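Protein chains in written order, with the working numbering: chain A, 4 to 173; chain B, 4 to 173; chain C, 4 to 173.
Derived from the structure by calculation, the hints contain no laboratory data.
Treat the hints with caution; some may be incorrect.
Residues from chain C that keep clear of chain B, each with C-beta distances beyond 10 Å, as calculated [as the list claims (entries may be wrong)]:
| # | residue |
| --- | --- |
| 1 | L26 |
| 2 | A51 |
| 3 | E101 |
| 4 | I111 |
| 5 | I113 |
| 6 | T114 |
| 7 | T120 |
| 8 | D122 |
| 9 | Q126 |
| 10 | S134 |
| 11 | L137 |
| 12 | A147 |
| 13 | E168 |
| 14 | E170 |
Label pairs and their calculated CB-CB ranges [to be verified]:
| # | chain 1 | residue 1 | chain 2 | residue 2 | range |
| --- | --- | --- | --- | --- | --- |
| 15 | C | P39 | A | R74 | 22 to 30 Å |
| 16 | B | G50 | C | N64 | 22 to 30 Å |
| 17 | B | S28 | C | S28 | 37 to 45 Å |
| 18 | B | T120 | A | P34 | 49 to 57 Å |
| 19 | B | E75 | C | S98 | 33 to 41 Å |
| 20 | B | L29 | C | P39 | 43 to 51 Å |
| 21 | C | L29 | A | S21 | 46 to 54 Å |
| 22 | C | G30 | B | G30 | 54 to 62 Å |
Bear in mind that the values here come from a model prediction, so they are computed numbers and not experimental data.
Here a beta-carbon is modelled for each residue, glycine too, at the ideal position from N, C-alpha and C.
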Amino acid sequence: MNSSPKASSPGSFPSGQSVNERLVSLGIELPDPFMPIARYAAFRRSGAIVQLSGQGPILQNGDGIFGKIGRELTLEDGVKASRITALNMLAQANSICEGDLGRIVQWIKITAYVNCTDDFFDQPAVIDGASNLLYEVFGDVGLAARAAVGVNALPMNTPVEIQAEFEVSV
Amino acid sequence: MNSSPKASSPGSFPSGQSVNERLVSLGIELPDPFMPIARYAAFRRSGAIVQLSGQGPILQNGDGIFGKIGRELTLEDGVKASRITALNMLAQANSICEGDLGRIVQWIKITAYVNCTDDFFDQPAVIDGASNLLYEVFGDVGLAARAAVGVNALPMNTPVEIQAEFEVSV
Amino acid sequence: MNSSPKASSPGSFPSGQSVNERLVSLGIELPDPFMPIARYAAFRRSGAIVQLSGQGPILQNGDGIFGKIGRELTLEDGVKASRITALNMLAQANSICEGDLGRIVQWIKITAYVNCTDDFFDQPAVIDGASNLLYEVFGDVGLAARAAVGVNALPMNTPVEIQAEFEVSV
Numbered sequence: 004m005n006s007s008p009k010a011s012s013p014g015s016f017p018s019g020q021s022v023n024e025r026l027v028s029l030g031i032e033l034p035d036p037f038m039p040i041a042r043y044a045a046f047r048r049s050g051a052i053v054q055l056s057g058q059g060p061i062l063q064n065g066d067g068i069f070g071k072i073g074r075e076l077t078l079e080d081g082v083k084a085s086r087i088t089a090l091n092m093l094a095q096a097n098s099i100c101e102g103d104l105g106r107i108v109q110w111i112k113i114t115a116y117v118n119c120t121d122d123f124f125d126q127p128a129v130i131d132g133a134s135n136l137l138y139e140v141f142g143d144v145g146l147a148a149r150a151a152v153g154v155n156a157l158p159m160n161t162p163v164e165i166q167a168e169f170e171v172s173v
Numbered sequence: 004m005n006s007s008p009k010a011s012s013p014g015s016f017p018s019g020q021s022v023n024e025r026l027v028s029l030g031i032e033l034p035d036p037f038m039p040i041a042r043y044a045a046f047r048r049s050g051a052i053v054q055l056s057g058q059g060p061i062l063q064n065g066d067g068i069f070g071k072i073g074r075e076l077t078l079e080d081g082v083k084a085s086r087i088t089a090l091n092m093l094a095q096a097n098s099i100c101e102g103d104l105g106r107i108v109q110w111i112k113i114t115a116y117v118n119c120t121d122d123f124f125d126q127p128a129v130i131d132g133a134s135n136l137l138y139e140v141f142g143d144v145g146l147a148a149r150a151a152v153g154v155n156a157l158p159m160n161t162p163v164e165i166q167a168e169f170e171v172s173v
Numbered sequence: 004m005n006s007s008p009k010a011s012s013p014g015s016f017p018s019g020q021s022v023n024e025r026l027v028s029l030g031i032e033l034p035d036p037f038m039p040i041a042r043y044a045a046f047r048r049s050g051a052i053v054q055l056s057g058q059g060p061i062l063q064n065g066d067g068i069f070g071k072i073g074r075e076l077t078l079e080d081g082v083k084a085s086r087i088t089a090l091n092m093l094a095q096a097n098s099i100c101e102g103d104l105g106r107i108v109q110w111i112k113i114t115a116y117v118n119c120t121d122d123f124f125d126q127p128a129v130i131d132g133a134s135n136l137l138y139e140v141f142g143d144v145g146l147a148a149r150a151a152v153g154v155n156a157l158p159m160n161t162p163v164e165i166q167a168e169f170e171v172s173v
């Protein structure tokens, strides 16, 4: 049985740097995690598997990136939006892991929805903004299975929404 | 490691009322669960985790709610549709649990697709119809991780489709 | 607790034929599995559960089926595209299982995205192309929980993308 490809030791880097130390050395500051404002949960954990609620490119100060890719937003705007979305995913994960992202054994899956025009076909390049951030921070542990699809509308007219699933050591 | 937020004892309420008794006191009558009409399964269970096939706002008598939100349907129509969709989810769950919904330990995740116009951005409010029903019936056990996205078309021109995942005691 | 409906012994048929022998007798030749070209994984496994990255109707020689159903593509084109997509899913699964598809205990879930016009409502019939292939090859083991939704755009303008999850014996 093949295991996940290129699996590295969870939450560590060859240098011995922890994931949270890695964040600091990358100059990445995590935002506060968003709390649900309706009858759902920010996340659910069953055994070692954590499911996050959908995240978007909304900043803590109320700002965010809004609009449709292929119309008022470019591919580059979308890449930036998916990177911010991934930062919000990490903020949730960091809270769940009580400040120790090294507890994440593997990012299992991300499902990414890109708000775009009918003739925009480069959803994968948009979502590379999120995937590259996960790889920068986690190394091979951050290589999740992935699907990226286009949609015609997203909440608050954001350009990107991502659902994520990861495994933690318990 | 943080557990799921506000976890309560599975399938019970402070009053000692069972989930199925709760349904009765809420005046909720479950429809018959829909059976697949093609080569797929109504649900799959692996260990304690159950995955339901996508459900929609179709009534047992063949009626249902049809149309696109933002065009011929309003937000309120969508809320009603997502509540009916959740009733169909409960009907499936009740059948899987052999009439004892108290076996559900937690609703883990719902992924909700809203058939809407390009300029409709309130998918979360539509899906509150389903999330509120889960909370009324299950309390904190019903607070699932959630994603809500817009789409341009759904099967049979229904306005809402929801995929759900829950954990049962085995 | 109800188990999955119509569960058969994993990876075997009454005739004693293995799944891979079945492929041969059906005249099905699996393509080579696609490798990710960005920072994500073709699949992730956690315990017995495998998650595949989204697959589409792309052929190994660079050809594929492209376009939107309801505009330049018909329902029949879509059925063919979803069957090819399922072949790519099987190619990934076969690689993960080191050439023994009989290790698959059950196909748990498929989430299918159909690139279509706003007035196309037969996404389930499109995805029957994939579901029927899974059933031909795996029998009841291939009956996954399923959701099929429409979307306005997919990567490379493909008409179908499918995310799949299955359980393996470990």
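Structure-based check of each hint:
no.: 1; hint: L26; in the structure: holds, 17 Å
no.: 2; hint: A51; in the structure: violated, 7 Å
no.: 3; hint: E101; in the structure: holds, 21 Å
no.: 4; hint: I111; in the structure: violated, 5 Å
no.: 5; hint: I113; in the structure: violated, 8 Å
no.: 6; hint: T114; in the structure: violated, 7 Å
no.: 7; hint: T120; in the structure: violated, 7 Å
no.: 8; hint: D122; in the structure: violated, 7 Å
no.: 9; hint: Q126; in the structure: violated, 5 Å
no.: 10; hint: S134; in the structure: violated, 4 Å
no.: 11; hint: L137; in the structure: violated, 7 Å
no.: 12; hint: A147; in the structure: violated, 6 Å
no.: 13; hint: E168; in the structure: violated, 8 Å
no.: 14; hint: E170; in the structure: violated, 5 Å
no.: 15; hint: C:P39 to A:R74: 22 to 30 Å; in the structure: holds, 29 Å
no.: 16; hint: B:G50 to C:N64: 22 to 30 Å; in the structure: violated, 40 Å
no.: 17; hint: B:S28 to C:S28: 37 to 45 Å; in the structure: violated, 57 Å
no.: 18; hint: B:T120 to A:P34: 49 to 57 Å; in the structure: violated, 31 Å
no.: 19; hint: B:E75 to C:S98: 33 to 41 Å; in the structure: violated, 47 Å
no.: 20; hint: B:L29 to C:P39: 43 to 51 Å; in the structure: holds, 47 Å
no.: 21; hint: C:L29 to A:S21: 46 to 54 Å; in the structure: holds, 51 Å
no.: 22; hint: C:G30 to B:G30: 54 to 62 Å; in the structure: holds, 56 Å
Hints 2, 4, 5, 6, 7, 8, 9, 10, 11, 12, 13, 14, 16, 17, 18, 19 from the earlier list are contradicted by this structure; the remaining hints agree with it.
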